[in-house]
Amino acid sequence: MASTTGETLAAAEPIADGRTEEGEEEQVVNPWEVSAKGGKIDYDKLVDRFGCQRLDESLIQRFERITGRRAHVFLRRGLFFAHRDLSDILDAYERGEKFYLYTGRGPSSESLHLGHLVPFMFTKYLQDVFKVPLVIQLTDDEKCMWKGLSVEESERLARENAKDIIACGFDIERTFIFADFSYMSPPIYKNIVRIANCVTGNKIVGIFGLTLEDYGGKFFFPYIQAAPSFPSSFPHIFSDKYSKLRCLIPCAIDQDPYFRMTRDVAPRLSYHKPALIESKFFPALQGESGKMSASDPNSAIYVTDSLKDIKNKVNRYAFSGGQDTIEKQRKFGANLEVDVPVKYLNFFLDDDAELLSIKEKYGSGAMLTGEVKARLIEVLSEIVERHQRARAAVTEEMVDAFMAVRPLPRMFG
Amino acid sequence: MAFTKDQLLARLQELKIEFLSCDHPAVMTVEEQAKYVGHLGGALSKNLFLKDKKHRLYIISALANTKVDLKILSQRLGLGKGGLRMAPEEALPEILHVALGSVTPFALINESARSVSLLLDKGFKSQRYCLFHPLTNEVTIALTPSDFDKFLLSIGREPAYVDLEDCPVVGKDNPPDLAYLVPAEALNLPGGADKVPPTSAPAQTNATLEQKTKQPTQKPKEPSKEQKQKSGKDKPQINADAVADSTNVEKFVEKVLEKVSNVFISELSKQSNAEDGNIKDHMLEGVKQRVSFDLLSMTMTLKNSVYTQGFHAGIESTLYPLANRKIVERK
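Order-wise, the sequence lines are chains A and B. Residue numbering for the first sequence follows UniProt numbering, beginning at 1 and increasing consecutively. Residue numbering for the second sequence follows UniProt numbering, beginning at 1 and increasing consecutively.
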């Protein structure tokens, strides 16, 4: 079983920030930094280095068989591409053994872009097809520690982000959203300490690259992100009957270090290792060399963008793989490898047939950049509009209800 | 304690029951199964896991070709018309300890299934071999009918063979002929007992929706959870299934789209000729696709909003009499 290979922290832990032994920086992927020489992340190398597995076609087909419907577009198009122990979760599910979902967000900014929504959109799909409960952790404490935000500001951002998360369409009957500052309580704190007793400072340094100059909270935080992987952290949801319930964590691959540590600890506390399903990073509008950054509004489509903004951003900033002139385009076709609109359509255009047609025509020159961009604008506008409408309906009371420590009697539907 | 396939097969060997075993990829339908095991020369079975209104459970095991009419069987069992429907999905792992697509009489080896009644197609008796899943749909075993009886007797079951296609008229002078097969005790089905309070508004909106009874499919994979709503005479049955349905956003949207499509098609037919039926269907599919995402989102918003209101009402109502305080206006 794959869970036992390449997992032990002591031996094969990749050096925290991705430097090779010669000290040369190849690509850096950790929860606080994502960058690569030449801009393009080598996901194969990353999967090898981290020791997780690729999500292959047979697993996707298994998804479809078990859930009885077509796999989510992010799965089909390889945006969620890696996993740990996903087969175990599916095996158990087929035997009638349930699991729960756990994902989260570090509320560092008020404005969210589509890249931020990706894990939530996918998690919603998982919740719908498997009919399982979900816990969402808002790490306001983490942002307080790393970004120097005040406690109050972190709490405020957490609540604001919760609204956008709710707007993704989670089912309140089986979703519990919590912020660390307000949820910290005996059950989860006890688990945090149990976890802390299993992981030395040395290991934390090894995984996260911290030094003694860093504030102590940063050493402690990984235990806090690990705790929700264990059902006993939520006794109001999981009774004794579910004390050993399995956990599946959809996240971006930069979160893998946290959960490698968690998986190492789990058996020592008699829990199942949490399983992971991991996504690539969403490309910035400017292409591989750019980084989607909260500070550069033109690097991404924000959920608050107007239709005009979307049109403007795509037309002006989306990196095109098309030729310089119409004549050249008709003759040579576009370079689909670097074309950002096609990459975005790959993830957001659900219709397989239409996507194939666009790729063929654009690649051969039958279609122009402007046309592809126009289609992308349509697709994105629909998504953003839907989100904004749902967001407008989220009230403070609804946030309170999602965040209330309450039982979820119909969580398995 | 749930029996595994291997434990079951070991038990069969203990009983000196000879059987042929065939491994294959997981199959969810009899047709699929036939592809892999047709060569065994035995009779494939289709197995339905059903429940009645009083939460009593049944497995009906029939030859693949036998026509099983649940309405008629329901009357013959003395459950009235429409008394039988597919058992809830959760009952499969909880009571039978098998997964979807693996319903089999062999599941009755489990203690948890002691109250499940078994109806067998009398057609099995004349077959050379009968084919069943041994607790998993990745394997099929073939055994003779008499060996199968031997197994049932060994777990304390009297094999009950029934002419499933018979349709006697049940009435005052003709009592239900299968009533003796109704289990003595009902089981606590997972998902709640009889009195599950409906989750405020959504359950009520559901009561006003007219629903068509779907003819339950023969494959246990898709339990049809739709109920007949009788407005007027009978009170709507409030049980775990109804609540799950009425709060299920996807089912709701499906029903809405179905209703709209049907009306749309009939209106269109009035206007144009019936020849372009294909075009209409195609167009309708297109419309449904485009509208689905939005409808799903809007309905989920509605559901969450309504739950929120109910939740806060619940909190306020418990606080209010205690403190004798005035309602605090929320900004």
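Keep in mind that the hints are not guaranteed to be accurate.
Partial pick of chain A residues on the chain B-facing surface, computed with a CB cut under 7 Å [unchecked claim]:
1. Leu90
2. Gly96
3. Ile172
4. Asp352
5. Arg386
6. Ala390
7. Ala392
8. Glu397
Hints listed in this document are in silico derivations from the structure and should not be mistaken for laboratory results. Predicted model, so just to flag it, every value in this text is computed and none were measured. From the three backbone atoms N, C-alpha and C, an ideal C-beta is built for every residue, glycine too.
Each hint tested on the structure:
1. Using the Cβ-Cβ criterion of 7 Å, the hint placing A:Leu90 at the interface with chain B is not satisfied: the shortest such distance is roughly 11 Å.
2. Satisfaction of the interface hint for A:Gly96 is found here, the shortest Cβ-Cβ separation to chain B being roughly 2 Å, below the 7 Å cut-off.
3. Interface restraint check: A:Ile172 against chain B, minimum CB-CB distance 5 Å, threshold 7 Å, status holds.
4. Hint status for A:Asp352: violated, given a least beta-carbon distance of 13 Å to chain B, over 7 Å.
5. The restraint placing A:Arg386 at the interface with chain B holds, with a minimum CB-CB distance near 5 Å, inside the 7 Å limit.
6. Given the 7 Å rule on beta carbons, the hint for A:Ala390 holds: about 5 Å separates it from the nearest Cβ of chain B.
7. Against a cut-off of 7 Å between C-beta atoms, the interface hint on A:Ala392 is violated, since the closest Cβ of chain B lies about 9 Å away.
8. Given the 7 Å rule on beta carbons, the hint for A:Glu397 holds: about 5 Å separates it from the nearest Cβ of chain B.
In this structure, the earlier hints numbered 1, 4 and 7 are contradicted, and the remaining ones agree with it.
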